[in-house]
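**Student:** Protein chains in written order, with the working numbering: chain H, 1 to 268; chain R, 269 to 519.
A hint or two may mislead.
Pairs of lysine to any residue, SDA-like flavour, derived with a Cα cap of 25 Å [said to hold, decoys possible]:
#1 R:LYS418 to R:ALA500
#2 R:LYS372 to H:LEU69
#3 R:LYS377 to H:VAL181
#4 R:LYS418 to H:GLN180
I should point out that these hints are in silico values taken from the structure, not numbers from a laboratory.
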Amino acid sequence: MKKGYGRKEFIINILSLVLLVILWHVLITLARNDIFNAPFIRLKDVPTPLETMNAFAGSLFAQTYGPALTYGIVDHVQASLERVIQGGIIAFIIGVPTGIGVGYSKLISNILNPVIEIVRNMPPMAWIPLAIFIFVAGGSIFIVFIGMVFPIILNTVHGVRSTDVRLIDAAKTLGASEAQVVTKVVIPTAFPSIIAGLRIGLGVGWMAIVAAEMVIRSPVGLGYFIWNMGDLGRYAEMVAGMLVIGVVGYIMNITILLLQKRFIRWVD
Amino acid sequence: MGRLVLKNVSRRFNGVIAISDLNLELKDGEFMCLLGPSGCGKTTLLRLVAGLDAPTEGELFLDGKKIEGVNKECGFVFQEYVLFPWRTVKGNIEFGPEVRMVGKEEREKIAQHYIDLVGLRGFEDHYPHELSGGMKQRVGIARAYANDPKLLLMDEPFGALDAQTRNLMQTELLRIWETEHISALFVTHSVDEAVYLSDRVVVMSARPGTVKEIFRNDLPRPRVRTSQEANALRDAILRSLGAEIKRAQSK
């Protein structure tokens, strides 16, 4: 595979996006003029890119209608992000030490593996009904936690297990204690995997939060926003919300990748 | 300091006898090379001395103290360098002092001293993947020395280097060893290397490994690789070693 991202790649990427938007516009316009219509799909009801953009601009900030306050997309993004970050921090604090323990100690691995193997196969969405009735508050944060903690644990385990035993020998002959072997050899070795786990976890967490907000019905949050707009028949706002989810997820991913590059300079 | 004594040392792995009843003494400040056919237990022997492995029978002593658990008085130099990839040159060399809780200032002084000694000034902040094989092994040697060990253990340290770099590194190692004089136990496959470096050459037998023959090497340093005396010694060692290699292959 060719490496590097240059002008050419950038132009192709932008063109592909532009093309997609044009295709979207043409398809909906054709459907509305009864020139073309796909069977089983009400294409007419789908907003065009322009309508979506207008809806996005119109609902970006909070508005007040008399005594009623409507949250803007900015507020919804902020609310969802806050939940993901809170859930993510808890998942990180619990997931990394658990992963190190499971990866490094056979005993801990034997104790925790059955639980991990079963619970990680229960999708975050399956936890929503339970979360609704056991959590007085913060149910959606818990759903994010469930979505994020397993990718973090599994990647940490993988990273810890990939530690070169010769590096451990080297550290020991240089005088390192068992604890120093863990902090100065095992954890640095696992660090890139831990970050990879965090990145994968964030992706899962971001999907989980949208689903959780739809069901848990917090009054603010992107999941709530698109569900509510759909209910109200405001499809342009709904689609705008969907796109925002995609773009924010993409930005989170890129941010972690950049941080990774910045902090992990020792791999070529 | 740095006198190593091995008394009736044996090591078995699941019924396979790697080392059998081995007796050996390394004098203080001596440079000893270990030669032997593949699988004769040379690396196992080094690991026993380093305390990374324990003998099934027998005892090992360094300066009269029995080696039990990891032996923190020796510096280990590995064939594949085994540097910490996330640490810079300086960070690698500082590792030993750091885990021994040496203060930051003192640590940096030590690191700088050995960086200069092995000729890596200007490369302090480079990561291992940015270095050539020869430079990596310079870091490996400096890292081992930075702990002020009584004994240097080297497991084919130049085995992965090309012939030119290898010759250069041998000369460099002797230069370093002559400035910071400590005992050295050096495993190699190269008779040339053994003749060039060592005070004594130990030829080990095919498995189960034990001491077959010891050659004294009193040639004055700096040695000429192609001198008649060096050739004669090389010839004698090759004959002794050749017989063992044959025995190892016929098994």
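**Student:** Starting from LYS418 (chain R), check that the Cα of GLN180 (chain H) is at most 25 Å away, please.
**Tutor:** The given pair, whose Cα atoms are some 23 Å apart, holds under the 25 Å limit.
**Student:** Regarding the pair LYS377 (chain R) and VAL181 (chain H), is the alpha-carbon distance no greater than 25 Å?
**Tutor:** 24 Å, holds
**Student:** Is LYS372 (chain R) within 25 Å of LEU69 (chain H), Cα to Cα?
**Tutor:** 58 Å, violated
**Student:** Need the status of pair LYS418 (chain R), ALA500 (chain R): alpha-carbon distance at most 25 Å?
**Tutor:** 32 Å, violated
The structure shown violates the earlier hints numbered 1 and 2.
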